[in-house]
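For any residue, its number in this note's numbering is found by taking its place in the sequence shown, counting from 1, and adding 74.
Don't read these hints as lab results, they were simulated from the structure.
A portion of the hints provided could be inaccurate.
[Stated by the list, open to error] List time: in silico SDA-like cross-link candidates among lysine to any residue, alpha-carbon distance up to 25 Å: (1) K76 <-> A223; (2) K196 <-> D273; (3) K76 <-> K311; (4) K254 <-> Q276; (5) K156 <-> S143; (6) K311 <-> R175; (7) K76 <-> H282; (8) K121 <-> R175; (9) K196 <-> E152; (10) K254 <-> T183; (11) K196 <-> R133; (12) K196 <-> A127; (13) K156 <-> R175; (14) K311 <-> S143; (15) K196 <-> Q280; (16) K76 <-> R103; (17) K311 <-> L295; (18) K156 <-> R133; (19) K196 <-> N232; (20) K196 <-> S184; (21) K254 <-> S209; (22) K76 <-> R334; (23) K196 <-> T113; (24) K196 <-> F89; (25) K121 <-> T97; (26) K254 <-> R175.
[To be verified] Each pair of labels, with its calculated beta carbon distance range: (27) F89 <-> G228: 16 to 22 Å; (28) G198 <-> Q155: 42 to 48 Å; (29) D271 <-> S195: 40 to 46 Å; (30) H250 <-> D271: 37 to 43 Å; (31) S214 <-> Y158: 36 to 42 Å; (32) E325 <-> T194: 34 to 40 Å; (33) D284 <-> R187: 35 to 41 Å; (34) N160 <-> S191: 15 to 21 Å; (35) R247 <-> D306: 30 to 36 Å; (36) G285 <-> E132: 24 to 30 Å; (37) D332 <-> P122: 29 to 35 Å; (38) V277 <-> D306: 25 to 31 Å; (39) A128 <-> L243: 37 to 43 Å.
Positions of the beta carbon are idealized from the N, C-alpha and C atoms, including for glycine.
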Amino acid sequence: MKRITLGALDYGLAFGVDRTLRTLLLEGRLSAVGCIVATDLWPREFKPLQDVAAQVGERALFGLTLALSGDRVHPLSERMQKVYGNEMPTRASLERRAMVRLLPEEILTSEIRAQVSAYTSKMGREPDFVTIRESLFDRSAIVRLVINALSLEGFSENPKIVTAIPPGLHTARIRHIATKAGFDVLPWGPPLPETEDPDELQVQLQHHFDGLSDMTFVACLPGAADDRLRRDEAPGKIAVREAHREVLASERFFHTLDERGVFLY
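Hey, can you work out the whole structure from these sequences and the hints?
What follows is the structure, encoded as structure tokens:
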């Protein structure tokens, strides 16, 4: 038997997503949730998740999904707001600056620390893990910046790092940077296939977890359509979310895990 950390990294994005994740956590069908605190929903949606965390205890991981770029998020720190207003920079702009070593490190550090504070102050606990939105860990300069910012927090126990980067030389470099600073890195596995057909997804999952190491993080996108999602996401992505929700809630999915010798963290 091996443990898989099956997690969704976008709590706080939409009511339909948040309700789905809370339900799956309570039913033991999800083992990790990453919170995006830089959304307008977080101040309202943290409390029901806090209640769920109290109920499930150590049966699940609750973490922070840092948002330093992209849409549907806004800066929390005064320094970030002063430079970028109410919008985050684009991923492309941060990557370009990372390539030439011109990242606004002090501004980004203040934003990272503000998001950590927004998580810990609301949830009343330190994050079990930290990841970053839009796969920005694919730049070593950003990895170092995030690890350095987290090191300033003085956690009682350092959160694990979830890279969202496929295994390879770069993930080994991330592990080296993180381990040197006292942070463990969870192995990253292939996310659940993004198919709109629940039956097809069930078939693909028959061998999806084969060969993965213990505690590998496998990301998923469960959610239910609501007005916000219909406004912000393409119909195809919403259909993928609903397929993931339907499959994870099914008994057939857990039969598949049993057959493959897998259990959720």
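Are the Cα positions of K196 and A127 separated by 25 Å at most? Measuring from Cα to Cα gives roughly 12 Å; hence the hint holds.
What's the verdict on K76 and R334, does the C-alpha distance respect the 25 Å limit or exceed it? 9 Å, holds
That 37 to 43 Å hint for H250 and D271 (C-beta), does it hold up? 40 Å, holds
Measure nothing beyond the straight line between the CA atoms of K254 and R175; if it is 25 Å or shorter, mark the hint as holding. 21 Å, holds
V277 versus D306 beta-carbon gap, inside 25 to 31 Å or not: 30 Å, holds
Quick check: does the Cβ-Cβ distance between E325 and T194 fall within 34 to 40 Å? 37 Å, holds
Satisfaction of hint between S143 and K311, Cα-Cα up to 25 Å: Holds, at roughly 20 Å.
Run the distance test for K196 versus Q280: straight-line Cα separation, threshold 25 Å. 39 Å, violated
When you take the CB atoms of F89 and G228, is the distance between them in 16 to 22 Å? 34 Å, violated
Supplied distance hint 15 to 21 Å, evaluated on CB atoms of N160 and S191: This hint holds: roughly 19 Å between Cβ atoms.
Evaluate the given range 36 to 42 Å for the C-beta pair formed by S214 and Y158. 23 Å, violated
Is it true that G198 and Q155 lie within 42 to 48 Å of each other by Cβ? With a Cβ separation near 26 Å, G198 and Q155 fall outside 42 to 48 Å, so the hint is violated.
The structure fails hints 1, 2, 3, 4, 6, 8, 15, 18, 27, 28, 31 (numbered hints given earlier, in ascending order).
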